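Protein chains: 2
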Amino acid sequence: MEITPERIRQLLFPKSLAVIGATNYFGKWGQFITSNIVAGGFDGPIYPINPRADRLFGVKCYKSILDVPADVDLAFVTIPVQKVMDVLLECGQKGVNSIVMITSGFGETGEEGKRLQRMVVEYCSSKGILLVGPNTMGIISPYRGLFATGPHTRPKKGAVAFVSQSGNLGNQLVFWATQQGIGISMFVGSGNEAMVNYRHFLEYLEMDPHTEIIVLYIEELGKARAFVELAQRITEKKPILLLKGGRTASGGKTALTHTGALAGENKVLGKAMKQAGVIMVNIPTELLELSAAFSSVPFPKGNKVGVVTLGGGWGVVTSDLLEEMGFVLPELPKEVVDKIGKYLPPFWSKINPVDLVGTRDPDAPLVAVEELVKLEEIDAVIVLGIVGRKEVVDLLLKSMREVDPDTPPEFLKRVEDFSGEYEEHFARKMVEFMEVYQKPIIGVSLTTSVSGMVREVPGSKYKALFYQSPEQAVRGLRAILQYEMRRNHRMPLSPISDL
Amino acid sequence: MEITPERIRQLLFPKSLAVIGATNYFGKWGQFITSNIVAGGFDGPIYPINPRADRLFGVKCYKSILDVPADVDLAFVTIPVQKVMDVLLECGQKGVNSIVMITSGFGETGEEGKRLQRMVVEYCSSKGILLVGPNTMGIISPYRGLFATGPHTRPKKGAVAFVSQSGNLGNQLVFWATQQGIGISMFVGSGNEAMVNYRHFLEYLEMDPHTEIIVLYIEELGKARAFVELAQRITEKKPILLLKGGRTASGGKTALTHTGALAGENKVLGKAMKQAGVIMVNIPTELLELSAAFSSVPFPKGNKVGVVTLGGGWGVVTSDLLEEMGFVLPELPKEVVDKIGKYLPPFWSKINPVDLVGTRDPDAPLVAVEELVKLEEIDAVIVLGIVGRKEVVDLLLKSMREVDPDTPPEFLKRVEDFSGEYEEHFARKMVEFMEVYQKPIIGVSLTTSVSGMVREVPGSKYKALFYQSPEQAVRGLRAILQYEMRRNHRMPLSPISDL
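If you read the protein sequences in the order shown, they are chains U and B. Just so you know, the first sequence maps onto residues 426 to 924 in this note's numbering. Just so you know, the second sequence maps onto residues 426 to 924 in this note's numbering.
Please note: incorrect hints may appear among the correct ones.
Because identical chains cannot be distinguished in the list, a pair is counted as satisfied if it fits within a single copy or across any two copies.
What the hints assert, rightly or not - Taking lysine-lysine and the DSSO-like style, the derived pairs with C-alpha atoms no more than 27 Å apart in a straight line are:
{"id": "1", "residue 1": "K775", "residue 2": "K508"}
{"id": "2", "residue 1": "K663", "residue 2": "K696"}
{"id": "3", "residue 1": "K775", "residue 2": "K539"}
{"id": "4", "residue 1": "K854", "residue 2": "K759"}
{"id": "5", "residue 1": "K823", "residue 2": "K485"}
{"id": "6", "residue 1": "K759", "residue 2": "K539"}
{"id": "7", "residue 1": "K823", "residue 2": "K453"}
{"id": "8", "residue 1": "K508", "residue 2": "K552"}
Keep in mind that the hints were calculated from the coordinates and are not lab data. Nothing here was measured: the structure is a model prediction, and the numbers come from that model.
Isolated chain U (complex conformation):
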């Protein structure tokens, strides 16, 4: 059976779907998934299958998939492993197109499970059914309004695709992406990959118009050569970020018990990945941080960076990190120093980083950022501490309300509103500058904000990006520069050092 990108597309954009094992018994997988699909707003027909229920979550139930009076495109299977073969036969009879097999207890549990898994694959192949899993934690397809994972996270539509051989790690990354405002194009927990494996998803993502960045968590590479060839082709168009689980003996042993994966030859692998242009990371959160940069800002053409900072210390720390990671901070032409100087007290730094010395002039940060980003000598701008002041102002206002009976409440309200509006305005201007000058502008937030890292600005393909610390900004910038240099020159980078 041939697994084409078109078959994967059908899986992610089903016309109708059934959940075999749907239930409202709190805490069961059949409850998580069914309620998530219904509450998530999937707008095609949904058929919960349960012999002992008439309706579930307000939706009509059927005793068997054979009772459904219309075609079923995609079936989720959440029933115990012992009963899987019975319902599979029914799915075959019904002409189901794809199955997402949540059920575990297959290849990951030993010889008997492996045998059962082979049977399931053989049967599905013979019936032309695409099988995801078994032992998967589900899929998310935001552009189809389909949210079918255990955790009821609903990431917004975006450009980042996640394929994960670990369901729990994948789900947690999706949860974080949602908290941080990072939009995704799809998520799939590929589970045991009995039939469909991560390479099939890659072939689909290569041509998926929604996907601009591919994020992978892989424990078992399988045919490494096939992956390298495929990755080499894809990375010319779209970046691939890879976290390889099981790099070490300990991690490899753990992976073996987890998905039954065997750790590859990791040193060889590292070289091959580099050759294929794959960006490897060692830390789950870095997958997200870097994907935020890839999906939010234009890519830089070189390693020359301008820095604007609300205060001196961050400027020093960021200069150090930039130089240590291979960037250069060009000097500023006199005209620019003079122009920015009009908005600042006479004792300001007059160099790059531009230290705004804590100015409260709302124009100063905008003038400084634009003057830097428009310079031919500068490829990217990092701006520190402008956004995130709202939280600081709010604390001040709280004190004022407690101890200053003389300040009119309307005035405090106005200050509060202004600081919120100013942050929105600043984010919009960052995006506007990126559109005009086609260079990345990356923010670092003064405080850990509830608004998350990525703020969308309606009408623009770019997004305002605010990391929580300077090193995230410098790492993000380095990753997009490395990708851009490789794509343009087809050669390893210098002087940007290795990850």
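We have chain U; now place chain B onto it with these hints.
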């Protein structure tokens, strides 16, 4: 004039204080500081000084410090640099004990500023006045209820002391510490260090009973040898975490314009710091992350780690990181496997990491953590994903309320309460196990929680610590192990690799 620890203690525990330049003009330093001190609840006499106000923030005002009808122990000075000498003379006349000079425009601005700064120091010395700054962003002394910085953050009482030559970086770290629940013993922005420098604060912190961990941000070391000797002595008792700004040419140039600091010989410095037992970091957030470990858990005696994880992927990733950072994951004795197995389905991993395969049995994580932490072969435990489930459950409950008319609301409320209570219970048990077995247990939260990294448990000196990602947990564990091994053996570490 001799600057003794006792003089620093008087600064941080003032009997009475004045703010020269106090105002309710919104956005001025004299407003930030005064309202913060009043709203922060300082319970000694406060004397705002302002020639044109009768009361400020509900407190009686004086036209000059000379009008104050009682002794003034500590004076904050926020008036413009041009008028500083006049008010200094008044402070001298009044017999003020210490001055925190917020005012900028001194040594950091050039030759004239340097001359003025020398004059100020000479005058203060002649009068026996301790001078902090100028160009400082203030001080915080939680054990005295004194919050005197621009941002109105009120970190709780704790064991971490922050000394920062950058006010803005220091303030941001304090803000984060407050968000993350990390308690502090003091914070000081040492500014231009015209008279009192960071080494004087170190000498005080060496004997301060509240301080267990010292965190430094330094741009100019000054007498490096003096620092190394002092640090070597202190690190035998208390860890010192150092972020050195101005390591690179770019950072050094930036630091020069910032505090007028000259970058040291950094390679030489790195070696000297290592010899002195100082833990150097390159990233501001890492100062906080590591200080959370130092201030929350017992230190491990060796590098053998047990891991408990809610799901497989995190276990793999954490095993990799542990091995890469020099840790070992011991095998589990059969009795322990059997004991834990009673709480888990038969297909669980049966190795270290203990994969709880997503169990919802509330006893399983507790049994697993205790069985591991009590083992002689294990020095520390990392537990992933138990806390932070509440956010996931809350999302599920939100869906249920939307789409499941059949589920009784009381039931959903009970589930909601249970998941919150369980997390508290789990945190309490972690702390209890740490007390009983005297080994660190470090959590990683499934989601980015609003509760922050550190949760205090009343009645215990240990705290429940939940990092946001596995690498933070492994790095935190490595830092406390490195410190402990050095302290006990007086020699460099092996096999834990270098930072």
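Now the hints, each set against the structure:
1. K775 x K508: For K775 and K508, the Cα distance is within 27 Å only across copies (26 Å; inside one copy 73 Å).
2. K663 x K696: Intra 20 Å, inter 43 Å, cutoff 27 Å: intra-copy only.
3. K775 x K539: between (68 Å within a copy, 19 Å between copies)
4. K854 x K759: Only inside one copy: K854 and K759 sit 24 Å apart there, 62 Å across copies, limit 27 Å.
5. K823 x K485: So K823 and K485 pass the 27 Å test across copies only (21 Å; inside, 52 Å).
6. K759 x K539: between (71 Å within a copy, 26 Å between copies)
7. K823 x K453: between (45 Å within a copy, 16 Å between copies)
8. K508 x K552: The answer is within: 19 Å in one copy meets 27 Å, while 89 Å across copies does not.
Going through the hint list in order, the structure satisfies each hint without exception.
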